[in-house]
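Assemble the whole structure, with the sequences as input and the hints as a guide.
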Amino acid sequence: MTEAVAELERELDRSASSSSADNPEAARALQDGANHIRESKLKEKLQYSRGTIEQWDPQSAVTLELTIEADLQALRDELERASGAASQRERNPLEEALEEARDLVRGMEAMERRLREPGAQGQQQGQQGQQGQQQGNRQPGDRAGAIGGGGPDGWVDYNKRYSEAGAPTRGNPRPLSPEEIRQLQREFGQRGNQVRALREQLREVGRPAQELRAVLDAMERFQREGIYADPSQVAELHQEIMNQLKRLEFGLRRDVEGVTERTTTLSGSDEVPDGYRELVEEYYRALARGRPGGN
Numbered sequence: 000m001t002e003a004v005a006e007l008e009r010e011l012d013r014s015a016s017s018s019s020a021d022n023p024e025a026a027r028a029l030q031d032g033a034n035h036i037r038e039s040k041l042k043e044k045l046q047y048s049r050g051t052i053e054q055w056d057p058q059s060a061v062t063l064e065l066t067i068e069a070d071l072q073a074l075r076d077e078l079e080r081a082s083g084a085a086s087q088r089e090r091n092p093l094e095e096a097l098e099e100a101r102d103l104v105r106g107m108e109a110m111e112r113r114l115r116e117p118g119a120q121g122q123q124q125g126q127q128g129q130q131g132q133q134q135g136n137r138q139p140g141d142r143a144g145a146i147g148g149g150g151p152d153g154w155v156d157y158n159k160r161y162s163e164a165g166a167p168t169r170g171n172p173r174p175l176s177p178e179e180i181r182q183l184q185r186e187f188g189q190r191g192n193q194v195r196a197l198r199e200q201l202r203e204v205g206r207p208a209q210e211l212r213a214v215l216d217a218m219e220r221f222q223r224e225g226i227y228a229d230p231s232q233v234a235e236l237h238q239e240i241m242n243q244l245k246r247l248e249f250g251l252r253r254d255v256e257g258v259t260e261r262t263t264t265l266s267g268s269d270e271v272p273d274g275y276r277e278l279v280e281e282y283y284r285a286l287a288r289g290r291p292g293g294n
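Using numbering that gives the first Met the number 0, the first residue of the sequence shown is number 0, and each one after it goes up by one.
It should be emphasised that the hints constitute simulated quantities derived from the structure, not laboratory data.
Don't be surprised by glycine CBs; every beta carbon is placed ideally from N, CA and C.
There could be a bad hint or two in this list.
To be verified - Simulated DEER-style distance windows between Cβ atoms:
1. Q238 / Q189: 31 to 37 Å
2. E256 / E10: 47 to 53 Å
3. A5 / R101: 45 to 51 Å
4. G250 / P174: 52 to 58 Å
5. G205 / T62: 53 to 59 Å
6. V204 / D102: 14 to 20 Å
7. A69 / Q209: 53 to 59 Å
8. S16 / Q189: 17 to 23 Å
9. R181 / E256: 46 to 52 Å
10. R113 / Q222: 47 to 53 Å
11. R112 / R181: 16 to 22 Å
12. E235 / E256: 30 to 36 Å
Here it is as structure tokens:
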């Protein structure tokens, strides 16, 4: 066991040296772990106890065991500190790209809901229709309201068909007001910048993202006012963007999950380096035999 501690000490020194430039905080914690082995005289304690503890009085034996346990726990604390620093610094760039893709999808979903909702004018007319329901001549089964927006007097029939206003049925694309068009153009401009940043981020890690070229082309079309004359075309183009972004999100999620499966991290409270884990297991086996020093 003494040899295992010595090997762990050397490994900590090497790891601290190699990571000092990229992650100084983790390097300091690793070096503190190696220093703790030396300063606590852990190797010497194990060597001293080797083959003699069964000859000690019970109180002295317990004292030595507790001291060694405390030293091992302090070493574990240093290694976990290094683990936390390393995991924070080494976040997978693909995870960040996945978060960006998810944000884009959520933004487009929110935009889709707004496109499906009744406009402010339709809502106001619908409310007026409700107030005037008793004054108008409604057929049985008709009902007033803003179910998907109102017609000129805000009423719809039981089957949710609009009155003669010519508005679309519920759930279908609706005409957009000039202010809504300007808002969409501004939002697509912002989303386009976000897509370009994501594309550059993926390019830096060597991950192709052909989907984003199609997304940018579609978003640029939304800057032309002519497209808004046809609500169904707006909805179709928006759905095309959604599909491309969801396809990218799915691919990135698979990439991230694959990296996670191949990467061993030290971030959990129960996850410690293999050398340390073997050291602790050997120590407690030695205690069971009455010899902390092992063979």
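Hint-by-hint comparison with the structure:
In this structure the supplied range 31 to 37 Å is violated for Q238 paired with Q189, their Cβ-Cβ distance being about 20 Å. Taken as a hint, the range 47 to 53 Å is violated for the pair E256 and E10, whose Cβ atoms sit roughly 30 Å apart. Here the CB-CB span from A5 to R101 is close to 48 Å, well matched to the stated 45 to 51 Å. One distance hint, 52 to 58 Å for the beta-carbon pair G250 and P174, is violated here, with the actual separation near 36 Å.
The beta-carbon spacing between G205 and T62, approximately 57 Å, falls within the hinted interval of 53 to 59 Å. V204 and D102 have their C-beta atoms about 18 Å apart, which keeps the hinted 14 to 20 Å range intact. For A69 paired with Q209, a C-beta distance near 58 Å keeps the hint of 53 to 59 Å intact. At roughly 46 Å, the beta carbons of S16 and Q189 sit outside the given window of 17 to 23 Å.
Taken as a hint, the range 46 to 52 Å is violated for the pair R181 and E256, whose Cβ atoms sit roughly 41 Å apart. At about 18 Å, the CB distance of R113 to Q222 disagrees with the hint of 47 to 53 Å. A hinted range of 16 to 22 Å holds for the C-beta pair R112 and R181, which are about 19 Å apart. A hinted range of 30 to 36 Å holds for the C-beta pair E235 and E256, which are about 32 Å apart.
Violated hints for the displayed structure, listed by number in ascending order: 1, 2, 4, 8, 9 and 10.
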